[in-house]
Amino acid sequence: MNAERLMTALLLVCGLIFLVVVIPAQVEEVDYGRIGPGTLPRAIAIIVVLAAGIQLLCSRERVLIVPLVVLRSFVFVSLIVVSVYLMSLVGFEYIAPLLALGVMLLIGERRWYWLVSGCLIIPISSWLIVEQALNRVLP
Amino acid sequence: MPELSVILAGLSDAFTLTNILFVLCGIIVGQFVGAMPGIGPVMTMAIAIPFTFVLNPLPAIGFLVGVNKGGLIGGAIPAILINTPGTPDAAATALDGHPLSKKGKPLKAMKMALFSSVTGDTFSDIVLICIAAPLAVIALKMGPVEIFALMVFAFAVISGLIGSSVMKGIIAAAFGLLCASVGLDPEHSTPRFIFGFFDLYDGFPISSVAIGSLAVSEIIARLAMMRGEVRPAVTIPRDQPVEDRNVSWREYWACRFTLLRGASIGTFIGAIPGMGSTAAAFMSYASTKQASKDPEAFGKGDLRGIAATESANSSVAGADFIPLLTLGLPGSASAALLISAFLVQGIQPGPLLFAEQGQLIYGLFGAMVIANICNLFCGLFGLRLWAKLISAPESIVFSSALILCVIGVYLSTGGVFGVYVMLLFACIGLGMNAMGYPVVVFIITFFLGPRFELSLGQSLTILKGDWTNLINHPIALILLILSVGVVYWLGIVNRSPEPDL
Chain H
5 MNAERLMTAL LLVCGLIFLV VVIPAQVEEV DYGRIGPGTL PRAIAIIVVL AAGIQLLCSR
65 ERVLIVPLVV LRSFVFVSLI VVSVYLMSLV GFEYIAPLLA LGVMLLIGER RWYWLVSGCL
125 IIPISSWLIV EQALNRVLP
Chain P
177 MPELSVILAG LSDAFTLTNI LFVLCGIIVG QFVGAMPGIG PVMTMAIAIP FTFVLNPLPA
237 IGFLVGVNKG GLIGGAIPAI LINTPGTPDA AATALDGHPL SKKGKPLKAM KMALFSSVTG
297 DTFSDIVLIC IAAPLAVIAL KMGPVEIFAL MVFAFAVISG LIGSSVMKGI IAAAFGLLCA
357 SVGLDPEHST PRFIFGFFDL YDGFPISSVA IGSLAVSEII ARLAMMRGEV RPAVTIPRDQ
417 PVEDRNVSWR EYWACRFTLL RGASIGTFIG AIPGMGSTAA AFMSYASTKQ ASKDPEAFGK
477 GDLRGIAATE SANSSVAGAD FIPLLTLGLP GSASAALLIS AFLVQGIQPG PLLFAEQGQL
537 IYGLFGAMVI ANICNLFCGL FGLRLWAKLI SAPESIVFSS ALILCVIGVY LSTGGVFGVY
597 VMLLFACIGL GMNAMGYPVV VFIITFFLGP RFELSLGQSL TILKGDWTNL INHPIALILL
657 ILSVGVVYWL GIVNRSPEPD L
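In the order they appear, the protein sequences are chains H and P.
Residues in the first sequence are numbered from 5 upward in steps of one, following my numbering.
Residues in the second sequence are numbered from 177 upward in steps of one, following my numbering.
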């Protein structure tokens, strides 16, 4: 089984879980009106299950998953999540330059002048414009 | 049809200094980012939308229209100079633009692209201005049942046309509708899929979903594949003879039929939801080559090749507005983002726009004309500058874009929760792109989800819960049958043969 079929199978299972577990638990049913709160989500989940089933049986596609790219994507997402969390604790003006620096270092930027300008210009100018000039709050 | 006074009031709104400046800013930003491979107008529009919340509707939408139109011209510059299209629709421009550049005429190639782009864009804008209002009058005659059937038909078309397979398109469309159902149910106001997060009572924030799935996912994908490579610097020689750096009137006029064909193809394709400007550019190129007496000249730096592709891909920008303004159906990612800009300004796109917001719509038409003029002059004066941007370090560009996304979403949603939602949809967008599920279809159905559910409820009430009553609504019935036919034709009959695993 290739990655394409594996993911489609996963999607099919997710659709079934949604139909059987999530919708009954997360949608409050009412007994009036032509269309209930669960009507559309249930119909959509059925469409997803059917379409994923057909895709699983008939798919001739092949997707290329490069593990290193997946790993690097995970690292970048984690870096952003941690940065946003730290921004809410420490403040945007301290963490945003570090986020920019981290991103630039991770993609292989080593020229010091670009590193300095990259981690100062946008983060600090945004902070100055939004918080100081426009008086709007940043994390 | 709006009265003449409304049309004139709208046009006078468009030609105010504030509005002209915002359109001009949009054009400059669009050409600037279009010239950088990797950051296209769609990503820029997604990032810019939260910053337009504070503006009045016309400058806000005028700015976004400027970004979109400017990006179409900017995207041709790296395609011509380094054979790397700044936007997907400029890929066809590289076929003749880059060989002409290699012959030592980069400025001539870029100017031809600029003139063709502005010509195609202006053509489609004129078509839009002429037919949008009459089409909206026809659309107003449709009831909820017909509108529901039309949405189903549009979903079927875009699911089939965008992406690698119709089933993946259907799954993406269904997922968009599912995400749109999060929050309070429109009919009974009961909460759905809240999972204990009270912030979800209003559903997923539009800006978080748009920026996360269209911009941040793309930024992360680019970052994950980037390994510190530096693009070559491009220099355009200054001491060239006039005929090598300028496009003469004779050369432009010789391409008039090519331009007209390209603009017509682009306008027609742009009016169909889901087809997109890349398809228009390649179709125009192929038809021009086929109609030519010397097809062997194409691919070797022929001006007609550039004229064909650029006039077609740019004319899609204006034609995209035809289904958007008349039916409220976006046909592309940029149109979907414009619909979100309308929604955040409290305006519901659709046929009623001409009756309720006629002044704004004619102001928008005026802004589009201004954008074309600005596009021409900014392009003429800025081509050399934009060419230098090609070698700008991507490290700064992408880290800055990422921070702007965080700021934009935080400001528009008013908290960190919106930023986390944006990151969730960035991951979803990454996964969808990796597995070949069209994110554009997801975004379009997500934006139209609440309206879709509302018209489904209204339709069921009108049909008294009995679908056999559809027989009394022949147009809706035909549209629903056509939807099934489209899915069958695009999914089964028209499926290209691929090797079995």
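In short, the hints are calculated from the structure, not lab data.
Yeah, the Cβ is synthetic: ideal placement off N, Cα and C, and Gly gets one too.
Treat the hints loosely; a few may be bogus.
[What the hints assert, rightly or not] Going by beta-carbon spacing under 8 Å, a handful of chain P positions derived as facing chain H:
hint : residue
1    : 337
2    : 340
3    : 369
4    : 436
5    : 466
6    : 523
7    : 572
8    : 587
9    : 596
10   : 636
11   : 641
[To be verified] Per label pair, the in silico range of CB-to-CB distance:
hint : chain 1 : residue 1 : chain 2 : residue 2 : range
12   : P       : 519       : H       : 28        : 27 to 37 Å
13   : H       : 86        : P       : 227       : 18 to 28 Å
14   : H       : 71        : P       : 560       : 35 to 45 Å
15   : H       : 21        : P       : 640       : 30 to 40 Å
16   : P       : 568       : H       : 95        : 28 to 38 Å
17   : H       : 139       : P       : 592       : 34 to 44 Å
18   : P       : 429       : H       : 109       : 52 to 62 Å
19   : H       : 47        : P       : 302       : 38 to 48 Å
20   : H       : 71        : P       : 462       : 33 to 43 Å
21   : H       : 71        : P       : 568       : 49 to 59 Å
22   : P       : 609       : H       : 28        : 43 to 53 Å
23   : P       : 430       : H       : 47        : 47 to 57 Å
24   : H       : 24        : P       : 564       : 36 to 46 Å
25   : P       : 366       : H       : 21        : 14 to 24 Å
The hints, checked one at a time:
| no. | hint | result |
| --- | --- | --- |
| 1 | 337 | violated (16 Å) |
| 2 | 340 | holds (6 Å) |
| 3 | 369 | holds (5 Å) |
| 4 | 436 | violated (38 Å) |
| 5 | 466 | violated (30 Å) |
| 6 | 523 | violated (24 Å) |
| 7 | 572 | holds (4 Å) |
| 8 | 587 | holds (6 Å) |
| 9 | 596 | holds (7 Å) |
| 10 | 636 | holds (4 Å) |
| 11 | 641 | holds (6 Å) |
| 12 | 519/P to 28/H: 27 to 37 Å | holds (31 Å) |
| 13 | 86/H to 227/P: 18 to 28 Å | holds (25 Å) |
| 14 | 71/H to 560/P: 35 to 45 Å | holds (43 Å) |
| 15 | 21/H to 640/P: 30 to 40 Å | holds (34 Å) |
| 16 | 568/P to 95/H: 28 to 38 Å | holds (29 Å) |
| 17 | 139/H to 592/P: 34 to 44 Å | violated (19 Å) |
| 18 | 429/P to 109/H: 52 to 62 Å | holds (53 Å) |
| 19 | 47/H to 302/P: 38 to 48 Å | holds (42 Å) |
| 20 | 71/H to 462/P: 33 to 43 Å | holds (38 Å) |
| 21 | 71/H to 568/P: 49 to 59 Å | violated (30 Å) |
| 22 | 609/P to 28/H: 43 to 53 Å | violated (32 Å) |
| 23 | 430/P to 47/H: 47 to 57 Å | holds (56 Å) |
| 24 | 24/H to 564/P: 36 to 46 Å | violated (58 Å) |
| 25 | 366/P to 21/H: 14 to 24 Å | holds (22 Å) |
Hints 1, 4, 5, 6, 17, 21, 22 and 24, counting from the list given before, are not met by this structure.
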